[in-house]
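Protein chains: 2
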Amino acid sequence: MATIKLKEISTLAPKDFDKEAIKEKTAGILEKLDDLQNLLYAESKHAVLVILQGMDASGKDGAIRKVFGAMNPQGVRVQSFKAPTPEELSHDFLWRIHAVAPPKGIIQLFNRSHYEDVLITRVHKIIDDKTAKIRMKAINDFEQLLQEHNSTTILKFYMHISPEEQKQRLQERISDPTKQWKYNERDFDEAKLWDDYMAAYEDCFEHCNDVPWTVVPADQNWYKEYIIASTLQKALEKLDMEYPGLKKS
Amino acid sequence: MATIKLKEISTLAPKDFDKEAIKEKTAGILEKLDDLQNLLYAESKHAVLVILQGMDASGKDGAIRKVFGAMNPQGVRVQSFKAPTPEELSHDFLWRIHAVAPPKGIIQLFNRSHYEDVLITRVHKIIDDKTAKIRMKAINDFEQLLQEHNSTTILKFYMHISPEEQKQRLQERISDPTKQWKYNERDFDEAKLWDDYMAAYEDCFEHCNDVPWTVVPADQNWYKEYIIASTLQKALEKLDMEYPGLKKS
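First to last, the sequence lines map onto chains C and B.
The opening residue of the first sequence carries number 1 in UniProt numbering; numbering runs sequentially from there.
The opening residue of the second sequence carries number 1 in UniProt numbering; numbering runs sequentially from there.
Next comes chain C alone, as it looks inside the complex:
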């Protein structure tokens, strides 16, 4: 496949997309998603894993709230991955991930994921390129396991924002008292490593592409939500599910 160059992809919606029209369309999709999730739960033949990746303030939390918040919380689980604990570090890097892989019937959301083990670790030179390559191979094998052995649909989203938009959002975290808790002094230091992060992401897109990535232009929340919701809708509809009849005894 052609490699993805993030600099060549716009972080904005295409010019001919109308905000209000898209918001209305998204509202309709969210209603359909609610039904599809109920069907997924009822049928319990397929699992769904949604991976959200992106730089700080790229809108992962908002996407969870708006898109996944529209479905029944009984069938939607959210796992945020932070820096690994000492116990987690005493295992292979996929151990804590595998433990929360979705069972059939469930939509499991990862807010950050095993990809951090080839992103932040790589940018900060905690692992070298060779180790990154070996890990990416392990990630492909792991994702294949979930697909083939538990009928798991995997969707991977990269929230694509511009460094300017990020800077503005981080500033807002400092000035808005209801957002200060999200701010971390380290965030601006991380932002300085922008190009290194982009290179690491592009490497993920190239080498972990058995399950393809969706690059989501994410400077505008309404467009981001539309892309994620519609991608999820298409994936669920492809499963061709139906309500089970009465149980036979």
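No wet-lab data here; the hints were simulated from the structure.
A quick note: this is a predicted structure, and the numbers were derived from the prediction, not measured.
It is possible that some hints are incorrect.
Stated by the list, open to error - Under the rule of at most 27 Å between Cα atoms (straight-line distance), these lysine-lysine pairs were calculated in the DSSO-like manner: (1) C:K45 x C:K247; (2) B:K182 x C:K32; (3) C:K66 x C:K182; (4) C:K32 x B:K179; (5) C:K7 x C:K19; (6) B:K5 x B:K137; (7) B:K45 x C:K182; (8) C:K82 x B:K247; (9) C:K192 x C:K23; (10) C:K182 x B:K234; (11) C:K23 x B:K66; (12) C:K19 x C:K167; (13) C:K32 x B:K247; (14) C:K125 x C:K182; (15) B:K247 x C:K182; (16) C:K45 x C:K66; (17) B:K32 x C:K182; (18) B:K182 x B:K25; (19) B:K66 x C:K45; (20) C:K32 x B:K66; (21) C:K66 x B:K32; (22) B:K182 x C:K104; (23) B:K19 x C:K238; (24) B:K45 x B:K238.
Once you've looked at the hints, dock chain B against the given chain C.
Below, chain B without anything else, positioned relative to chain C:
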């Protein structure tokens, strides 16, 4: 305290409650709950545990969807407890419960709970009255532990429906193709044990009352949702939370 006699409590809303007015009121409460949950998550000083109990088809799932579905799924977790697995049975009955107790910042919902270990087990004579009493003491101690040692607010709801309403809902599960998957042949056998269940519940209300129960008249969903949402709102407001300021380094 005066013991609760379920037969003396109506399963309906008080006569002077207007459905449309209450629905509007509930919508307003749900918006406030969304803010309060965000604050709980941001502050991360308190945990919240919500226990939903009730007979089959008493509307637990609907309450989860409507009330708890209005909040950010990142901070709301739902755990449904089914018949224990062999591994779970090889531990004390609170082992699997403790494992999913809420951390600070999180609202954890139990769809059924440790109370099944003094309800279904007791009605089916898997445990005797003496064991039930001992377990209820252990439950009180456990709930106290969560309250005192992790600043956990515990809310316990009993969905109070009439046997007639239950029968109608179970019939609907048979005739509606989108609901047949919820139907279990055993449901009607369980319904025959109604009085035994009511006695077991009343015993719980009496002996596990350190954290008081809310008996929710649940024949009408709009009233049920209002009671749960407003009880949760009051409990969260009592925590007197505030957004943390900028982290000091």
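Hint-by-hint comparison with the structure:
1. Our distance criterion of 27 Å between C-alpha atoms is met by K45 of chain C and K247 of chain C, whose separation comes to about 15 Å.
2. Taking the CA atoms of K182 of chain B and K32 of chain C, the gap is about 21 Å. The hint holds against a cut of 27 Å.
3. Between K66 of chain C and K182 of chain C the CA atoms are separated by roughly 18 Å; this keeps the pair inside 27 Å, and the hint holds.
4. Restraint check for K32 of chain C and K179 of chain B: the C-alpha separation of about 17 Å stays at or below 27 Å, so the hint holds.
5. Restraint check for K7 of chain C and K19 of chain C: the C-alpha separation of about 24 Å stays at or below 27 Å, so the hint holds.
6. Distance check on the hinted pair: K5 of chain B and K137 of chain B sit about 21 Å apart at the alpha-carbon level, within 27 Å; holds.
7. A threshold of 27 Å between alpha carbons decides the hint, and for K45 of chain B with K182 of chain C the separation of about 15 Å falls inside it, so the pair holds.
8. For the hint pairing K82 of chain C with K247 of chain B, the CA-to-CA distance comes to about 18 Å; that is within 27 Å, so the pair holds.
9. Only pairs whose Cα atoms come within 27 Å are accepted, and K192 of chain C paired with K23 of chain C is rejected, the gap being roughly 33 Å.
10. Pair hint K182 of chain C plus K234 of chain B holds up; C-alpha atoms about 26 Å apart against a cutoff of 27 Å.
11. Note on K23 of chain C and K66 of chain B: the hinted pairing holds, with a Cα-Cα distance of about 22 Å set against a maximum of 27 Å.
12. Between K19 of chain C and K167 of chain C the CA atoms are separated by roughly 23 Å; this keeps the pair inside 27 Å, and the hint holds.
13. For the proposed pair K32 of chain C and K247 of chain B, the alpha carbon gap of about 41 Å is over 27 Å, so the pair is violated.
14. With a CA separation close to 26 Å, the supplied pair K125 of chain C and K182 of chain C stays within the 27 Å bound.
15. Between K247 of chain B and K182 of chain C the CA atoms are separated by roughly 9 Å; this keeps the pair inside 27 Å, and the hint holds.
16. Annotation: proposed proximity of K45 of chain C to K66 of chain C holds, straight-line Cα distance about 26 Å (limit 27 Å).
17. Using a Cα cut-off of 27 Å, the hinted pair K32 of chain B and K182 of chain C holds, with the two alpha carbons roughly 21 Å apart.
18. Restraint check for K182 of chain B and K25 of chain B: not satisfied, since their Cα atoms lie roughly 30 Å apart, outside the 27 Å limit.
19. Using a Cα cut-off of 27 Å, the hinted pair K66 of chain B and K45 of chain C holds, with the two alpha carbons roughly 25 Å apart.
20. Annotation: proposed proximity of K32 of chain C to K66 of chain B holds, straight-line Cα distance about 16 Å (limit 27 Å).
21. Using a Cα cut-off of 27 Å, the hinted pair K66 of chain C and K32 of chain B holds, with the two alpha carbons roughly 16 Å apart.
22. Taking the CA atoms of K182 of chain B and K104 of chain C, the gap is about 16 Å. The hint holds against a cut of 27 Å.
23. A C-alpha spacing of about 40 Å is found between K19 of chain B and K238 of chain C, which places the hinted pair above 27 Å, so the restraint is violated.
24. Taking the CA atoms of K45 of chain B and K238 of chain B, the gap is near 13 Å; set against the 27 Å cutoff, the hint holds.
Checked against the numbered hints given earlier, the structure breaks hints 9, 13, 18 and 23 and satisfies all the rest.
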